[in-house]
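Using the sequences and the hints given, assemble the complete structure.
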Amino acid sequence: MNDAASKIRSKLEQEIRSIEYELNNELPKELMKARAHGDLSENAEYKYAKERQGFLSARLGQLKKRLGEFSMLKLDNLPRDRVAYGSRVKLVDLKSQAEIEYTLVTAEESDVSKGLISTISPIGKALLGRQAGDEVKVQTPAGVKEFEIVNLQTIHELG
623 MNDAASKIRS KLEQEIRSIE YELNNELPKE LMKARAHGDL SENAEYKYAK
673 ERQGFLSARL GQLKKRLGEF SMLKLDNLPR DRVAYGSRVK LVDLKSQAEI
723 EYTLVTAEES DVSKGLISTI SPIGKALLGR QAGDEVKVQT PAGVKEFEIV
773 NLQTIHELG
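In the working numbering, the protein residues as written are 623 to 781.
Hints were generated in silico from the structure; no laboratory data involved.
Note that the coordinates shown come from a computational prediction; the quantities given were computed from them, not determined experimentally.
Among the clues, some could well be false.
What the hints assert, rightly or not - Between beta-carbon pairs, the in silico distance windows are:
no., residue 1, residue 2, range
1, G676, D733, 25 to 31 angstroms
2, E779, R657, 56 to 62 angstroms
3, G765, N647, 31 to 37 angstroms
4, E768, E730, 26 to 32 angstroms
5, K736, S628, 41 to 47 angstroms
6, G690, A720, 36 to 42 angstroms
7, R704, E673, 40 to 46 angstroms
Unchecked claim - With a Cα cut of at most 25 angstroms, we get these calculated PhoX-like pairs of lysine-lysine:
no., residue 1, residue 2
8, K747, K736
9, K767, K633
10, K717, K633
11, K669, K655
12, K736, K759
13, K629, K687
14, K651, K629
15, K712, K686
16, K717, K686
17, K629, K767
18, K672, K712
19, K747, K712
20, K687, K747
21, K717, K759
22, K629, K747
23, K655, K712
24, K747, K633
25, K686, K629
26, K672, K655
27, K686, K655
28, K672, K686
29, K736, K767
30, K759, K747
31, K687, K712
32, K736, K717
33, K717, K687
We put the CB at the ideal spot given by N, CA and C, even for glycine.
Written out as C-alpha cells, the structure reads:
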C-alpha cells in the first residue's frame with residue numbers, strides 16, 4: 623500500500639510543481655507580452671492569460687489542500703471488516719444478477735474502466751462502512767441500483 627500512497631503523493635506533487643512553474647515563469651512572460659500590445663480592454667491574449675492565472679491559482683489551492691488531506695490518511699485506522707479506502711468489493715446487481723468488482727481508491731486514482739472507483743463517487747459512498755452480505759441501494763444517473771456485497775477484501779488483506 624505504501625507504493626500506491628507514494629504514487630498518489632508523487633502525482634499530486636508533480637502537478638503542483640507544473641502549475642507553480644507555469645504561474646511563476648510562463649504566465650508572467652505572456653502577460654508582459656500582452657501588455658506590450660497596448661490597450662488591455664480589447665486584448666484577447668491578456669484576458670486569456672489573466673483567466674488562466676485565476677484557474678491555475680484555484681487548482682493549485684485544491685491540490686495543496688488534497689495533498690495535506692492525503693498526508694493525514696492513516697492506513698492503520700481503516701477498518702478490517704468493513705468497506706473502506708483500498709477495499710476490493712465484489713457486488714451482484716440484484717436486478718440483472720451481473721457481478722461487478724471494484725476497488726475503492728482516491729479521486730486521483732479512479733479509473734472506472736479498470737474497476738477503480740473513488741470513495742466519493744455515488745457507489746463508493748454507498749459502499750463505505752458496509753460488510754459482505756449487505757444490500758446497498760445507490761442512486762445513479764440511470765436510476766436506483768441495488769447491489770449485494772458478495773465478497774470483501776480490505777486493504778489489510780490485500781497488503
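Which earlier hints turn out false for this structure, listed by number in ascending order?
Of the numbered hints given earlier, those the structure breaks are 3, 5, 9, 10, 14, 15, 16, 17, 18, 23, 27, 31 and 33, listed in rising order.
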